[in-house]
Amino acid sequence: MVLIANSSPELLNNTITGGTRAGVEINGGSPTLTDNRIADNQASGVLILNDADAELTGNAIEGNSLSGSFAAVEIRDGAQALLQYNRIWLNKGSGVYVHAGAQARLVGTSLLGNGLHGISVADGARGELQANSLWWNAQTGLRLKATQSLSLKGNFVSHNLLGVLSDGQGQVLAQINNLFLENTQDASGLGLTAQDSQMNLNALVHPQFLALTQGLAQVGEMVKRLQQGSSSATLEQLIEKVQSLELISADIYRQGRLNEEAKARLIVTQVRLAIERNDLSAAQTLLTSVPASGREALGWRKLGEGFVAQAAGERSEARAAFNAASRGRPKFLEARLALALAEGDKAAALMKKLSDLDRKGLAEAGYHLGQLMQARGNSAGAAELFGRVLWSDPTVIDPVQLLVEWIEVLSRVGQGARADQVAAALDQARPSDPRPVRALVAMAAQNGQHDIAVKWLRTLAERQPDDTKLKVELAGALVDAKKEREAEVLLEEMFKAKPASRDADALVPLARAWRERDAFRAKDLLNEAIA
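Using our numbering, you'd call the opening residue of the sequence shown number 22 and step up by one each time.
Keep in mind that the hints are not guaranteed to be accurate.
Below are the DSSO-like pairs computed for lysine-lysine, each with C-alpha atoms no more than 27 angstroms apart in a straight line [claimed, not checked]:
| hint | residue 1 | residue 2 |
| --- | --- | --- |
| 1 | Lys544 | Lys519 |
| 2 | Lys490 | Lys503 |
| 3 | Lys503 | Lys519 |
If you're looking for bench data, these hints aren't it; they were derived computationally from the structure.
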């Protein structure tokens, strides 16, 4: 054991193992610990207390807490600590515990395979957690109680039992620019969903998303083997794998930082989606949450007001709002387009405006130009532009909608394998959203791959078992795939469970199912359908 009492030494490149208490106890003072290996101690790896101000950089703190539920690094009794780029792995207790009255800043630290939580911050503590990786911990990635004095940015929380355990405020904090993937209790941790986290959306469209998810699964297997003492996995292999995945998550964080303008843009996108659903009341409610600070955010608010007014049939008010938005920012493309369309500009004029703006690198221009190209039958050009927008700014519209449009044009230009890959990854990340699977169904039907269409429609039907229209669609696909008996059984069971579902839409595929076996029966069913 190393005891530091009211002094400020530097511990560099030491191996500190086998202690009967903490590996290093810092009792006051301002020491620095750099590039040490602190492992296999009975209590904590590092205990920081009594108003100490410690700095830990690049240390490997592994396999500690052998005799109880101590944290690998405990900070308490008014102490404060900076932990940066440390490896806190495979300890029996939690990775880091910040007690009441203490303060910690964790940056770029990896907390992996610990027996309790990744990071635990008690009520009355203060903390800043930035760009840390919290993977495969047995309980919670982030256990937060000090939510009033906590900052969370760019943390990657994956494959824990829970992503975050906290009050509502802590969950809100966690939603801002933190990435939650595949935690056991919930798709993204307790009370969080992938749709709520902007970083999840950026992960989804990142070109290395599949490598990230596959690599995380491999890390879990390696952690398990190391915990079991297997020689088939080495610590060096695990380090190499984790470092490669952290590079991907760091790039996702870099792309995912939101400012007020981006938040406003996302909300206005939701406003437009509500209008498309004919839910004007929801659109008006959403509009009130657009940030009202900053010139750019105010421009988006005016744009949203224009969309709402337009949907309500108030054309002059809509034009006034679009005009106000475009005056506030000369390069505000969305406002200029909305104003142009409201004033009746032709497609050719819009194409020229968009082309000019796209050369200046504006993502909005690329998206709208892609839409126009798609409408004019230029799928190859649309695919290129949608792809460019995805990697430059996927928040131009609803990111899922952008991906679905990209998938559609990819399939049209002979890139079906890439389209399938993107759609499957999107469905994996957003299983509650039917649009990715819908895209897969459409591609399969377009290519005459009826068995594949059936597979994806079954997936949708399993997720929405009470949707009778979906069952009718599945029955039609079964007939196309030469599985008429299955279609017949599916529809008859549906009619038995819900007699009102026996309508014309359902009777037509049933008639098709009977056509080859009994033409008279098929004709009777068609007559019933049109009766």
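Going down the list of hints, with the structure as the test:
1. A C-alpha spacing of about 23 angstroms is found between Lys544 and Lys519, which places the hinted pair at or below 27 angstroms, so the restraint holds.
2. A C-alpha spacing of about 20 angstroms is found between Lys490 and Lys503, which places the hinted pair at or below 27 angstroms, so the restraint holds.
3. For the hint pairing Lys503 with Lys519, the CA-to-CA distance comes to about 26 angstroms; that is within 27 angstroms, so the pair holds.
Checked against the numbered hints given earlier, the structure satisfies every one of them.
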